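Engineer: One-letter residues, chain by chain:
Protein chains: 6
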Amino acid sequence: MTEQISIGKYATLLTLTNKETAKQLMPQCEQMQIIVGKIGTMSLNKIISSVETAARREGIISESHYRETHALYHAILEAVNGITRGELSIGEIMRTVGLKFAVVRGCPYEDQEEGEWIAVSLYGTIGAPIKGKEHETIGLGINHI
Amino acid sequence: MTEQISIGKYATLLTLTNKETAKQLMPQCEQMQIIVGKIGTMSLNKIISSVETAARREGIISESHYRETHALYHAILEAVNGITRGELSIGEIMRTVGLKFAVVRGCPYEDQEEGEWIAVSLYGTIGAPIKGKEHETIGLGINHI
Amino acid sequence: MTEQISIGKYATLLTLTNKETAKQLMPQCEQMQIIVGKIGTMSLNKIISSVETAARREGIISESHYRETHALYHAILEAVNGITRGELSIGEIMRTVGLKFAVVRGCPYEDQEEGEWIAVSLYGTIGAPIKGKEHETIGLGINHI
Amino acid sequence: MTEQISIGKYATLLTLTNKETAKQLMPQCEQMQIIVGKIGTMSLNKIISSVETAARREGIISESHYRETHALYHAILEAVNGITRGELSIGEIMRTVGLKFAVVRGCPYEDQEEGEWIAVSLYGTIGAPIKGKEHETIGLGINHI
Amino acid sequence: MTEQISIGKYATLLTLTNKETAKQLMPQCEQMQIIVGKIGTMSLNKIISSVETAARREGIISESHYRETHALYHAILEAVNGITRGELSIGEIMRTVGLKFAVVRGCPYEDQEEGEWIAVSLYGTIGAPIKGKEHETIGLGINHI
Amino acid sequence: MTEQISIGKYATLLTLTNKETAKQLMPQCEQMQIIVGKIGTMSLNKIISSVETAARREGIISESHYRETHALYHAILEAVNGITRGELSIGEIMRTVGLKFAVVRGCPYEDQEEGEWIAVSLYGTIGAPIKGKEHETIGLGINHI
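Protein chains in written order, with our numbering: chain A, 1 to 145; chain B, 1 to 145; chain C, 1 to 145; chain D, 1 to 145; chain E, 1 to 145; chain F, 1 to 145.
No lab work stands behind these hints: they were computed from the structure.
Fair warning: this is a prediction, and the values are worked out from it, not measured in the lab.
Accuracy of the hints is not assured; some may be wrong.
Treat identical chains as interchangeable: a pair holds within one or across any two.
Unchecked claim - Below are the BS3-like pairs computed for lysine-lysine, each with C-alpha atoms no more than 25 Å apart in a straight line:
id: 1; residue 1: K133; residue 2: K19
id: 2; residue 1: K19; residue 2: K131
id: 3; residue 1: K131; residue 2: K23
id: 4; residue 1: K131; residue 2: K100
id: 5; residue 1: K23; residue 2: K100
id: 6; residue 1: K19; residue 2: K38
id: 7; residue 1: K38; residue 2: K131
id: 8; residue 1: K46; residue 2: K23
id: 9; residue 1: K100; residue 2: K46
id: 10; residue 1: K38; residue 2: K100
id: 11; residue 1: K46; residue 2: K19
id: 12; residue 1: K19; residue 2: K100
Construct the complete structure from the given sequences, taking the supplied hints into account.
Structural biologist: Here it is in C-alpha cells:
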C-alpha cells in the first residue's frame with residue numbers, strides 16, 4: 001500500500017505561516033525542495049511567469065526540459081483555479097491579487113516508484129483594486145513530475 | 001483604514017492541523033465561532049449538505065433565515081471550486097474525495113460596520129475511487145453574512 | 001442596414017408578465033409564434049426536455065429535422081447558463097428551480113434573408129430545496145434556425 | 001413563511017422597458033432604491049466599473065464599506081454570466097456588447113429580518129463588432145447586502 | 001432515416017494531413033466547399049478573426065448576412081474550446097498556439113431538408129511561448145448554417 | 001533543439017480512420033504503443049472508466065502506479081473537454097455520445113530525456129438521444145507520463 005507525505009499541506013503551511021513554522025509542524029518534509037515568493041498583480045500570466053521563473057532560477061525544475069515545465073504549469077493552473085474560484089480571470093473582471101506562493105518538490109509516496117511530485121500553493125488576498133476592499137483566497141495544485 | 005483578521009487562514013489551519021495548533025498559531029481568532037467535520041463522497045451535494053447541516057445544528061448560521069443560508073452556500077461553492085480546480089464535478093468524472101471541513105464566523109475587519117463574515121475551508125484528498133490513487137486538494141470560500 | 005425586432009425582449013416579457021401584457025407592450029411581435037410553460041426540477045435535462053417537448057408538440061419546431069432541434073437545443077442551453085450563472089449544474093450542487101419558460105420564433109431582422117431566429121426565455125426562482133429559501137433567476141438564449 | 005417581492009423582475013423590467021412602465025407593472029416596488037444606466041464595451045471590467053461607479057455615486061451602496069462593494073460585485077458577476085452564457089469573456093473572443101443596466105436595492109422578503117438584497121439586471125445586444133451583426137442578451141444577479 | 005457524410009472528419013483530415021490526402025480518404029466530400037489556413041497567436045480573438053476573414057474572403061460564408069457569421073462564430077468557438085481544453089484562454093494564462101485551420105461547408109445529411117452545415121477544425125501546438133516547449137492540440141466545431 | 005513526433009496526430013488518425021491507414025500515414029510512429037476501442041454512453045464516468053480499463057488491461061499504463069493513472073486521467077479529461085466543447089457534461093444536459101477512442105504512448109521528442117508522453121483521442125458523434133439527431137465531435141488530450 002502507498003503511504004503519503006502531505007506535500008500539499010506542507011506547501012500550504014509555507015504560504016500561510018513561514019518556513020520555520022512549516023518545518024516544525026512537518027519534520028517529515030525536510031528532504032523536500034522548496035521555494036517561496038510573493039506576487040501582486042491583475043494579470044494571471046504574471047502569477048504563472050513569477051512562479052515558473054522562481055522555480056527555474058532556484059533549480060526546482062529543469063530549465064531545459066519541457067516535461068518539467070509542463071508538470072509545473074498545470075500545477076500552477078490548478079492553484080490559480082482555487083484562487084479565482086470558478087472564473088479563470090482577475091483583471092478582466094476587476095480583481096487584483098496579492099499572493100505568497102510556495103512550490104514543493106519531492107517523493108510523497110512510500111513506494112519510491114511513484115517518483116517525484118510537485119505542489120504549488122498560492123495564498124493571499126483578492127478583491128477590488130482599492131486597499132482594504134479584499135478578502136483572503138487560497139489555491140493548491142499537485143502534479144507528477 | 002480597515003485592518004483584517006485572517007479568518008481564511010484560521011479556517012485553513014483548522015483543516016490542515018487541529019483546533020489546538022490553529023488557536024495557538026492565531027490567538028487573535030479566539031472570539032470566532034468555529035465548527036469542524038469530515039466528509040467522504042462522490043457527490044458534490046453531499047459536501048454542501050454536510051457543511052450546511054453541521055453549521056445549522058451547531059448554531060453557526062440561523063436555521064430560519066435564508067440570508068444566512070445564502071451566504072454560507074456561496075462560500076461553500078467557492079471552496080468546492082478550489083477542491084475541483086476548474087470542473088465543478090467529482091463522481092461524474094470518476095473522482096472521489098475525502099475531506100475535512102471547517103467553518104469560521106466572525107468580524108475580520110477592524111471597522112465593526114463591516115460586520116460578520118464567514119469562511120469555509122475544505123482540505124483532504126481527491127482521486128480515483130481506489131485507496132492510495134489520490135492526492136491532496138484544498139479550497140477556501142469567504143462571504144459577508 | 002438590418003433593423004431588429006426584439007424577440008428576446010418579447011420572450012422575456014412573456015415569462016416575467018403574461019401573454020396579454022407582453023403583446024400590448026410589443027405589438028410588433030404579433031406575427032411571432034410563441035409557447036409558454038412551466039417546469040420545477042433539480043435536473044437540467046428536465047428543463048431541456050420540457051422545453052423541447054412543448055416546442056415540438058405545439059409545432060414551433062419541426063419534429064423530423066435535426067437542424068431545428070439543434071438550433072433550439074443551443075438556445076435552451078444558453079438560457080440555462082443565465083439561470084445557473086457560471087456553473088451548469090443544479091441538483092448536483094443542491095439547487096432546485098421553479099421556472100416559467102417561453103419560446104418565440106420569427107423573423108427579427110428587416111432584411112428577410114436573415115430568416116427565422118428562435119429565442120428561449122427562462123424566469124423563476126433558484127435556491128435550496130426548502131420553500132422560501134430561494135431568489136429569482138433569469139436566462140435568455142437566441143439562435144438562428 | 002417568507003413572501004417575496006420580485007426585485008429581479010423589477011430590475012429586468014427597468015432594463016427591458018423604462019421606469020414608468022416598470023413602476024406601473026410593479027407598484028409594490030415603489031419603496032425600492034433604483035438606478036439605471038448604459039454601457040457599450042468590449043471589456044468586462046468596463047461593465048463592472050460602470051455599474052459600481054453609478055451605484056456608489058447615486059448612493060445605492062456605501063462608498064466606504066467593503067461589505068456592500070462585495071455584495072454588489074458578485075451580483076454584477078452573476079448578471080455578466082447571463083450576458084456571456086458560459087464563457088466569461090467578450091473582447092477576447094471578438095464580441096462587443098451594448099447594454100442597459102439597472103440596480104435595485106430593497107427588502108424583498110416579508111420577514112424583515114431577511115434584510116436588504118440587491119438585484120442587477122443587464123439587457124442589450126452582443127455580437128460581432130459590426131453594427132447589426134448582433135442579437136439580444138440578458139443577465140440577472142441577486143445577492144444579500 | 002438520415003445518413004451522414006462526416007464533414008467533421010473531413011475538416012480534421014484537412015488540418016492533420018493535406019488537401020490531397022483528405023480528398024483521397026474521403027471522395028464523398030468532393031462537393032463540399034473548403035478553405036485552409038494558418039495562424040500563430042497568443043490571442044483568442046486573432047484565431048476567430050483569422051478564420052472569419054478567410055471564410056468571408058473566399059466566399060464560404062456570406063459577407064452581408066449576420067445569420068452566416070453567427071453560425072460560423074459558434075462553430076469556431078466550439079473548436080477553440082477543444083484547443084484550450086477547459087479554460088477559454090491562451091495568452092492570459094501564458095500559452096501560445098500555432099494552428100492550421102480548415103472550414104468545410106456542405107450538406108452532410110441524406111435528407112436534403114437538413115440543409116447546409118459548417119465544420120471548423122483547428123490543429124497544431126499549444127504551449128509555453130518558447131520553441132519546443134509545446135504539445136499538440138485539436139478542436140472541432142459543427143453548426144447548422 | 002527538441003524535434004517532435006506527432007503522437008496527437010497519430011492518435012487522432014487512429015480514431016478517424018483505422019490502424020492500417022494511420023500507420024501508413026505515419027510510419028515514424030511504429031514504435032508507439034497503441035490501443036483503440038469504442039464506447040456509447042450518456043455518462044462521462046463511463047468514458048473515463050472505459051479508456052482507463054482498456055489501457056490497464058492492455059498494459060499501456062501500469063496497474064499499480066498512481067502516477068500513470070494520474071497522467072492518463074488528465075489526458076482523458078482534456079480529450080473529454082474537446083468532446084463537450086465548454087460544458088463538462090453530457091447526460092445531465094440531454095446529450096448522448098458514440099465514440100471511438102485511441103491511446104498512444106511513446107517518446108515524441110528527439111531529446112530522450114523528455115521521456116514518455118501519452119495521447120488520448122476521442123472521435124464520434126454527440127447529440128440528442130435519438131438516432132440521427134447528432135453531429136460529429138472530437139477531443140485530444142496529451143500529458144507527460
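Engineer: Each of the hints needs a verdict: does it hold here or not?
Structural biologist: So, going through the hints one by one against the coordinates:
no.	hint	in the structure
1	K133 with K19	neither (28 Å within a copy, 29 Å between copies)
2	K19 with K131	neither (27 Å within a copy, 31 Å between copies)
3	K131 with K23	neither (32 Å within a copy, 27 Å between copies)
4	K131 with K100	within (17 Å within a copy, 30 Å between copies)
5	K23 with K100	both (17 Å within a copy, 22 Å between copies)
6	K19 with K38	within (14 Å within a copy, 28 Å between copies)
7	K38 with K131	within (17 Å within a copy, 28 Å between copies)
8	K46 with K23	neither (28 Å within a copy, 34 Å between copies)
9	K100 with K46	within (13 Å within a copy, 28 Å between copies)
10	K38 with K100	within (4 Å within a copy, 28 Å between copies)
11	K46 with K19	within (24 Å within a copy, 36 Å between copies)
12	K19 with K100	both (12 Å within a copy, 24 Å between copies)
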